[in-house]
Amino acid sequence: MIAKLRQHWIAALFVLAVLTYLYAPIVVIVLFSFTTSPRLSMPIEGLTLSWYRSALDNPLIISALTNSLVLALISAVAAGAMGAAFSFGLMRLKRPHVREALIGASLLPAIVPLLVIGIALAVFFRMLGMPQGLVNTAIGHLIVCLPFVVLTMNARLETFDFSMLEAARDLGASPVRTFLDITFPLIRPSVVGAALLAAALSLDEFVITWFNIGNQQSVPVLVWGMMRRGVDPSINAIATLLLTLLVGLVICSNLLGRKKRS
Amino acid sequence: MMTGSGLARSGRASTSLRPLLPASLLYVLFFAVPMLCLFVLSFWRAKGFELIPDFTLDNYEKAVVSKLYRTLLIRTVVVGFVTAAIVVPIAFSLSYAMRFVFERRGQLILQLVLLSLFSGYLVRIYAWRTILGKQGLLNSTLQWLGLINEPLEFLIYSNIAVVITLSGLLLPLAVLPIYSALLNVSRDQMEAARDLGAGRVHLIRTILLPLAMPGVRTAFAFAFLLAAGDFVTPSLVGGTQSLLIGNIIADQFRGIGSNWPLGAALAFVTIAIVLAIYLAVVQILVRVTR
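If you're matching them up, the sequences are chains U and Y in order.
Under my numbering, think of the first position of the first sequence as 1, with each following residue one higher.
Under my numbering, think of the first position of the second sequence as 263, with each following residue one higher.
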C-alpha cells in the first residue's frame with residue numbers, strides 16, 4: 001500500500017514535470033502577449049492589450065489570415081472527404097495484407113521530413129511550369145493532412161457496423177441511397193472531426209507553404225518573417241490568436257469523435 | 263443463379279474499391295511523382311537560374327566530398343540521435359505512468375500531451391527562443407532570483423538549445439505509438455509476472471519492453487527522422503555553429519545562391535545516411551531486448 005502510494009507520488013511529479021516542459025512555451029507566449037514591456041524578460045511590469053491592437057491593425061496580417069483560412073477550408077473539405085472515403089474503402093477490403101500495405105503507404109507523408117516533401121513539390125510544379133502560389137500550396141497541405149485524417153478515421157470506423165449496409169442493399173436501396181440515408185449520417189461526426197483536424201494542421205503548416213506559396217503569405221509564413229526581423233511583441237499576440245484557433249479546432253475534433261461512441 | 267450472384271459480388275467489389283481512388287490518385291500524383299522528380303533533378307545541372315537536364319553525378323560528389331556538408335551531416339545525425347535518446351525514454355516512462363499508474367486518468371494526460379502538439383509549430387520554437395535567450399525568461403529569472411550573476415550563454419544559439427527545442431516539439435509524437443503499444447499489455451500479464459517473483463527492472467526489460475518494441479521503434483523513427491529533417495529549429499534557436507543539413511538544403515531552394523540539383527542530391531544523401539543509421543539502431547534495439 002505504502003509502496004503503491006509512493007509510486008503514485010513519483011509518477012505524478014514526473015508527469016507534472018513533462019507537462020511543464022510541453023506547456024512552458026505556450027504559457028510564455030500567451031503571458032508575454034499581454035505585457036507592457038517589449039523586452040521579454042522577468043519581472044513583468046504591467047499588462048496591456050496594445051499588442052493585439054497593433055497586430056490587428058497590420059494589413060499584412062489580414063491578407064495572410066485570409067490566405068490561411070482559404071487553405072484551411074480547402075484542406076478540411078477535400079482532405080476530410082478524400083481521407084474519409086479512403087479509410088472507408090480500406091475497412092471494406094477483405095485481404096488484411098493489402099489493407100496493411102495501403103495503410104502504411106498512406107502514412108508515408110507523415111514520416112518523410114516536410115522539407116523533402118516541400119522541395120519535391122516545388123520541383124514538380126516547376127517542371128510542370130506552374131508558378132508558385134496558393135494552388136500549389138493547397139495541394140501540399142492536402143498531402144500533409146491526409147495521413148492524419150486517415151489515421152483518425154481508421155480509429156473511428158473500427159466500431160462501424162458494415163452489416164447494416166448489406167441489409168440496406170438486400171432491402172433494395174441503391175448505393176447512393178444507402179450512403180445518403182445510412183452511411184453518411186452515421187459517420188458524419190467522425191468525418192467532421194477529422195476535417196477539423198485537417199483544418200488545424202493546415203493552419204499550422206509552415207515548411208511546405210514556405211517553399212510553394214511564392215510571394216504570397218500565410219499566417220505562419222508571416223510570423224516566420226517577423227521572427228527573423230527581430231523582436232516585435234505583436235508576434236506574441238498573433239501567435240496567441242493562432243494558438244487559440246488551433247486548440248479550439250482540435251478540442252472540437254476530439255469531442256465530435258467521442259459523441260459517436262457514447 | 264450462380265452467375266447472378268457472381269456478378270453481384272464483383273459489382274460489390276468494384277464499388278468498395280471506388281472510395282480508395284481519389285486519395286490514391288492524389289498520393290501518386292502529388293507525393294510519389296514529385297519525389298521521383300526530385301530524384302531525377304539530383305542528376306541535373308544548374309546554370310545561374312536555369313536547370314539543365316543532364317545525367318551527372320557531380321552533385322552527389324560535391325555532397326559527399328565537401329567538408330562543410332560532411333560536418334553538417336555528422337552534426338545532424340548527432341543532434342537527431344541525442345534528441346531521440348532523450349525523447350524515447352521520457353515518452354516510455356510517461357506512457358508507463360499513464361498506462362499502469364494512472365490507468366483511466368492516463369487517457370486525460372494523453373489528451374493533454376497531444377493537445378500541446380497543436381499549439382503551433384513555429385510558435386513553440388519561437389517561445390523556446392524567448393525562454394532560452396540571453397536576456398530571456400530563464401536567464402532573467404535566475405538573475406532576478408540572484409542565482410547567477412551573468413546570463414548563461416550556452417542556453418541559446420547552441421546545439422543544446424536545438425536539442426531542448428526539438429525534444430519538446432517531438433515528445434508528443436513519440437508518446438502516441440508507445441502508449442498504444444502498452445495498451446496491448448494487460449495488467450494481468452504484469453501481475454502474473456510479478457507474482458512469479460519478477461522485479462520491476464526485470465519486468466520492464468523482459469516483458470514490457472519486448473511487447474512495446476513496435477511502439478518504441480515508431481517513436482524512435484519519429485524523433486530521429488523528424489529531428490534530422492528539421493531546419494526551422496536550428497535557424498531560430500541555433501547559431502551558425504548549430505546549423506543542420508536541412509538549413510543548407512533549404513538554402514539551395516530559397517537562398518540567394520540557390521542550386522536546386524545540388525539541394526536535391528544533398529536531400530537524398532541525407533535520407534540514405536539517416537535511414538541506414540535508423541535501421542542499424544533498430545537492429546541493435548531488437549537484439550538487446552530479446
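Rather than coming from a laboratory, the hints here were simulated on the basis of the structure.
It should be emphasised that the depicted structure is a prediction, and the values quoted were computed from it without experimental measurement.
Positions of the beta carbon are idealized from the N, C-alpha and C atoms, including for glycine.
Be aware that a few hints might be false.
Covered stretches of chain U (chain Y as the covering partner; in silico rule of three or more C-beta atoms under 8 angstroms from a C-beta of chain Y) [as the list claims (entries may be wrong)]:
1) 20-26
2) 78-90
3) 104-113
Indices of hints not satisfied (ascending): none
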